[in-house]
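Asks: What follows is each chain in one-letter form.
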Amino acid sequence: MNSTKITKAAPHITQNEALIFERSQTGRKGYRLPPLDVDETPLDEIVPVNLRRDDDLEGVPEVSEVDVVRHFTRISTWNYSIDLGMYPLGSCTMKYNSRLNEKVARIPGFANLHPLTPEEDAQGALQLIYELQESLSEITGLAGVSLQPAAGAHGEMTGVMIIRAFIDARDGAGASDKRRVMLIPDSAHGTNPASAHLSGFTVKTIRSTAEGFTDLDHLRELCAHGDVAGLMLTNPNTLGLFEKQIKEICGIVHDAGGLVYMDGANMNALVGVARPGDMGVDVIHLNLHKTFSTPHGGGGPGCGPCCCTRELEPFLPVPRVVKDEDRFRLDFDRPQSIGRVKAFFGNFGMMVRALAYIQTHGNDGLREATEAAVLNARYVARGLAPDYDKPFDAPPMHEVVFTDKRQSRKGVHTLDIAKRLIDYGFHPMTIYFPLIVQGAMLIEPTESVGRQELDQFIAAMRSIAREALEEPETVLNAPHTTRIGRLDEAAAARRPTLRWRPKEAASAA
Amino acid sequence: MNSTKITKAAPHITQNEALIFERSQTGRKGYRLPPLDVDETPLDEIVPVNLRRDDDLEGVPEVSEVDVVRHFTRISTWNYSIDLGMYPLGSCTMKYNSRLNEKVARIPGFANLHPLTPEEDAQGALQLIYELQESLSEITGLAGVSLQPAAGAHGEMTGVMIIRAFIDARDGAGASDKRRVMLIPDSAHGTNPASAHLSGFTVKTIRSTAEGFTDLDHLRELCAHGDVAGLMLTNPNTLGLFEKQIKEICGIVHDAGGLVYMDGANMNALVGVARPGDMGVDVIHLNLHKTFSTPHGGGGPGCGPCCCTRELEPFLPVPRVVKDEDRFRLDFDRPQSIGRVKAFFGNFGMMVRALAYIQTHGNDGLREATEAAVLNARYVARGLAPDYDKPFDAPPMHEVVFTDKRQSRKGVHTLDIAKRLIDYGFHPMTIYFPLIVQGAMLIEPTESVGRQELDQFIAAMRSIAREALEEPETVLNAPHTTRIGRLDEAAAARRPTLRWRPKEAASAA
Amino acid sequence: MLRNLGLNSAEELFDSIPADLRFRVPLKTPAAISEIELLAGFEEMASRNVAARRPTFLGAGAYSHYSPTIVDHLISRSEFFTAYTPYQPEISQGTLQAIFEFQTLVCQLTGMDVANASMYDGSTALAEAVLMAERVTRRKKVITSAAVHPEYLEVVDTYVQHYGIDFHRVDFDARTGLISAEGLNSLDDQTAALVVQSPNFFGCIEDVRALSERAHAVGALLIVAVTEAISFSLLRSPGACGADIVVAEGQSFGVPVSFGGPFVGLFATRDKYARQIPGRLVGEAYDKQGRRGFVLTLATREQHIRREKATSNICTNEGLIALAATIYMETMGRRGLQEVAAQCAQKAAYTARRIQELEGFSLPYSAPRFNEFVVRAPVEARELLARLASEKNITGGLALSRYYKDRPNDFLVCVTETNSRQEIDALVDGLAHISTST
Amino acid sequence: MLRNLGLNSAEELFDSIPADLRFRVPLKTPAAISEIELLAGFEEMASRNVAARRPTFLGAGAYSHYSPTIVDHLISRSEFFTAYTPYQPEISQGTLQAIFEFQTLVCQLTGMDVANASMYDGSTALAEAVLMAERVTRRKKVITSAAVHPEYLEVVDTYVQHYGIDFHRVDFDARTGLISAEGLNSLDDQTAALVVQSPNFFGCIEDVRALSERAHAVGALLIVAVTEAISFSLLRSPGACGADIVVAEGQSFGVPVSFGGPFVGLFATRDKYARQIPGRLVGEAYDKQGRRGFVLTLATREQHIRREKATSNICTNEGLIALAATIYMETMGRRGLQEVAAQCAQKAAYTARRIQELEGFSLPYSAPRFNEFVVRAPVEARELLARLASEKNITGGLALSRYYKDRPNDFLVCVTETNSRQEIDALVDGLAHISTST
Ligand SMILES: Cc1ncc(COP(=O)(O)O)c(C=O)c1O
Ligand SMILES: Cc1ncc(COP(=O)(O)O)c(C=O)c1O
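Residue numbers (the working numbering), protein chains in the order written: chain F, 363 to 871; chain B, 363 to 871; chain R, 351 to 788; chain Y, 351 to 788.
One should not assume that every hint holds.
[What the hints assert, rightly or not] Not everything, but these chain B residues come out facing chain R in the computed CB check (under 8 Å): (1) 396; (2) 465; (3) 469; (4) 813; (5) 814.
Read the hints as simulated data drawn from the structure, not as lab findings.
On a predicted model such as this, the values are computed, not experimentally measured, just so you know.
Cβ atoms here follow ideal geometry from the backbone N, Cα and C, with glycine treated the same way.
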């Protein structure tokens, strides 16, 4: 099955490993604490027994240090990761995570700093936040920056709430109850409508044109009713296309009394090349865990700064980090602020990494990264065109979408192609997103991959296309080289098992 | 081939990776230095052209940082390691390497300390060396300790040279030219005779008895000629057996005017339980990279302290680390010393780890580790006895030797069993050592493995024994689950390729 | 490659961007620097965080606990930290199994049935819990104890502001430090949930069982928030006390305080609400050969499928921090978690006793506590703590005036297993000395 | 398990040890301490290594170069650092391929044909080279320049003492700092090898090509030792100059000075001597399907097979340090290695020029140098440097009196890319100030 045409990867023995609970052995310990060095108080005098736990933490594992090390080392080998190769998940910007950034984030002066430290004793951290705000402001062309949101979706919610607060301030309290509509293209990421909803908006969907752009006629039509609070637009959009008419679009929304929110998840196509602020965008979020290379960590943590125009700045979350002369301080006195969206100041550790990324790349390095990211996507677009259906003609920016149209005639679908790609040594691309493209395969190579590997990827995809014709079974049953095959997700959702339980209990249940 | 009876491991996809030289691309860079901040001097004025390199480092790779990270991350996944599981290499004591020890070895105050720092500015490092010397002295029951040797063999050379120097001091200069004989059991590790030879001794081999012990009659016979400088004995010996008659042995050698060197590679069977110094041993080396858990690192670095009686102490390498009141200093004034065996003070980084091991285990923890190590070996010995030939009856200490006697009748040999063990998810045991045991399989579980995995190991070995009978081909062609199969080592040695060369050059050659 | 694509310059890559929108000048961000320079610069910045080098008694939502060395070593395996969300289970089982273990451990500690794969932090987890309570009960009134972490309450205020939820604070008893009995009378059949924190912001342990009975009596859910997760291993679990939703800040589980983030929000509830839970869930699944694996499941709750009807907008969560917490919980294990909790409680008790003996100092609240407590000083707390820092090099706690302008003399002290007796005694002596030398 | 083995106590495990040899009292080593305590204790010890925190100009066999962050990160992958010697190639290809790349890089830099998998360090590598020269030539006389690192010479003395090798020192020229012409006259047809270090201990670059001609003229081998491996990328390679054996200390390749170890010895020679080389060698090999892999090869040279007839007794070498050096060389790469070398040479030249201008200071040797040079001070060097350290917090170099009692005023200065101009100027000012204020 792992046919010889596959040169990039090969199966090799790996360790199986049970759940830690299945490994637990009464009496084992993986820790040691210093002996208690204060005179002991009878426990009952501290916490009365009725408020204390009475299950003796039954079920919590008892294992040794080496057990834990082997447990996680073993299961880690079942993961694909950026350090193993190209990770072309469209919309996710899986770029290399510098080790240097990991190192500086662990400097004790940062890692051991308590968030409630008085300002004068935390000047270094406040400076770091301030400098990152300044850099992001320059990169987006937007004056106001808050680093408080913990991820992109959190930044969206923040931005949308700012729009709402602004409208109320502009048109009078409660005005936003009438301007309830948030316009969102059908190609948008699910977090956009979800965030709009969380902010109490009613979502109306804008059609995309056959060319993959926002349909301006439809937009005008939707803007005709005076109830539009704003538009949430991704640019380049989730099809990887730059919204050429972004200025007109902003104009239409503004004329209708709305504001423009830009989803900045795709900023890796624009850094140093074009600035949302110059396009008429009012507010945007960035994903530091995409564009600014803070590690994804298997699902987080992220950091989703919210950047906005000077006009909207008063509405940003509190506290703000500001500078007076050469001193940095927290400004809580923001009467118009939407309030706080997270305890403390956001994911500081991610900010340290992002600023390190910006400083080590430098202004020209940032632009070069953008160029390389777009160049690589173009190269892939060209390489796959002969074998896969490319639904849109416009030249892609940092990512490109293909479909399974041709392959599906043989019963081979996007999911199958993705799984087969695993056998070829690659992580699959993003699949079935955006939703408006049937059988979408959204490919984002990022700048962190060299030509050799791009060629291998193109060759793998073309080889799979051939297989789809000549030996579809091979693709339909992929992957063939992994420890486990495709899992029955439907069954898993029907009767979900979401936690381990002791055998007896489990069977009892 | 990866039959379902194998539950501990399963094949999973891994990345292939070429040699870095094959990945190199002109112009790529993985580094950045600060700009030169001094006024530049014309290079010719610094180094005349005829002394300068003229090949522009042709052939040295040009790669990016992410290329390097992926390169080494990928190839690392082809290795087995302690963190992946049991590593039962007999005589190698592959125990868990604590992360804490790695951390303390990297404390800047240690890692950035230059060896030629004046004593008063390096008191912490000297104290650490001194404290480790003290602990090892207590553990071995020997007064003198030098941490200078870089590994076990280096410690052997040091110890043997000390014996020689002592004899010359005792019997008059040049006496050792007459006492040239170093007695070494036929079961000894190859480094013993090699180290003896390096010190100018003639090696005579002592037979082992059928029970696996030193043959005392033969020893007496060899000691009868007045030319014996000493004996190099491993205890427990390389068969995993404690030399019961160690005291008599030492007596015989001492009476013959010789000294006793003990190879301490197997100290993991004795720490806290018995001390070489109490047995009559004069000098010994330890392997901190075995008994004291400093990581093997794929072949080093090690640290091979040499410990000896007070009588021999004057002959230890210079400089010694000594303590006056509460100050530590280097003592170079050792007229009888054999001299220096290594620049500076030995592998300091390993000493930091070893002392951390000793302090975190504590005195009782050290003994418990010894007990567990021996218990585990006994458990394996018992578990395998039904299926494999156990050449010696005596109860093993920390390691046990079996042979392929029964399996070889079917044409299945130790090498095949070892290779098949890989498919079962284990690193093979030490094979064909000691040389005196035909088809030897020397198994040392160490204390770092729990009963679950011991049972899996025993089950795997027994299953292989069954396969040897029922489906020998499966064993003979193992491993079946690795990226590459058995390599043709004979061909590799016949026409060795020991380095990469550019294609043209290569073909030219 | 450019030429290969028929392009003459990198600039042409951006032809699809209208010329007038191109940014043609260099960014005014700093020029590139080397590793050596960056390290020097960041070390320098970090050195100005002088507080990071002091013994500290600051808690209030971020706790200084010891993290075993292997935690950071293991999360630093690039297979973990450079992986994406496990959308492709066949090559993401490491992440998936770890999350499944995390969910299980969170259930065990909270005493609940089901937990998700993490929220941003404790404060946003609480906000999501309030929104979930509204979904579940279809009621709009939520009553919260005022003794919940002030920043958590602020975050909830922000989240609910456009949701038509009346988020109503109930005061705490000035004597006990616990939610006031009278306040609870505002519970009625319009109430979606009662929100309490225990140990609460002042370190006082609420009688969660009694509170759950009060809440359930009117058909409201009880939401319990916990900021000091180490308390789980000593205190009766909220689940055992009848809580319907438990949210917590998981930072105590081996995660550095790191100026407030990244932390990890724990979110657990009852089986019957599983399909109302926000965020990701990992479940068991099997392949054709019957081999067990794990997958992201019940995705229909989530935004990428349900869009505006999703149970939350959360997508990226705190995966790696959840992993760190998992490794911490498993390394400390059953006995270690108990011992850490016991040491925290013991050391806090000792500290409280010592401070109480000081001339002019008192502990205003009578309720039992875990490892935090409020101290009432004879002088202005802010000033007192500032001098303690500058003169004795100790961070003595949090001046409550940061959140309560009307409480100039109160400060919150937190003690953990990392505070040695020596530090504690120095704190006590420092307080005595400074308060009298004013 | 004990019971399972029919034992009643752990003590019975040791029944095969005669009772009178059992150690029945607890070891007088310290009792067990926790991670927290160990870290505190070791941090405290380390803090007393005050020199580790100073700008330093110490070289003389251990050099402070910058090591890219990824070096330590990658060698910390447990697949590398917790693996044993790669005896089982099917599950050790990571280590084996890395060694093969190491051997290749060493050959490229030294200009030789074949290199081994590493020796303990530069000093023992030199000793092994001398022994190998004896094996190859069957001659007993070895001539060495006295300008080789003194500790290296001591180590060779120790190694050869029982080998009947006459290890004969040739003085260096007091003007040039290079091996003296006259001395070379002692080369004769009994000479197995001529040993030189270049740049030599005083930083002076020897004319290796001329020396190899002299050595070869009498049928002796030329052994070249290098302590500062960074010099390879600027200076004509010993191989290109005709050396027969090249040994070097590889510590400069990204390895911390770590109080002198672990370092890594490089050992390279000519193809024709491949089977005389000490230590491990990795070679290319193929499996039945023709897939390329790597194996330990030519093992018949080694002790585990050849025993006392082995080319050396070395077994464990410096694997992980060799890996670090490999990662360093590949990360810096062709251009980086050149740039580091150039910066070292430039900064050293600048420093030398500045010091030369100082009243009373001189540079005694005229030969060209790389990044080290001897300074002759107007005052006692030991005292001068001690005050520089205590008053200016700079480690100014090595007082040569440590090795040469008769050279009280000389000290050896080393400058690398890590010494900023600011540090250099501070050194120069410090020297001026202190030497005049005595
Ligand atoms: C286009 C787009 N918008 C928003 C998001 C949400 O960002 P986050 O996952 O950081 O909440 C993503 C990330 O997947 C995205 O791709
Ligand atoms: C019994 C024995 N003696 C000596 C040695 C040599 O020790 P080292 O490899 O540290 O030089 C070993 C290690 O393999 C050994 O097992």
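Asks: So which of those numbered hints doesn't the model satisfy?
Replies: Hints 3, 4, 5 contradicted; others consistent.
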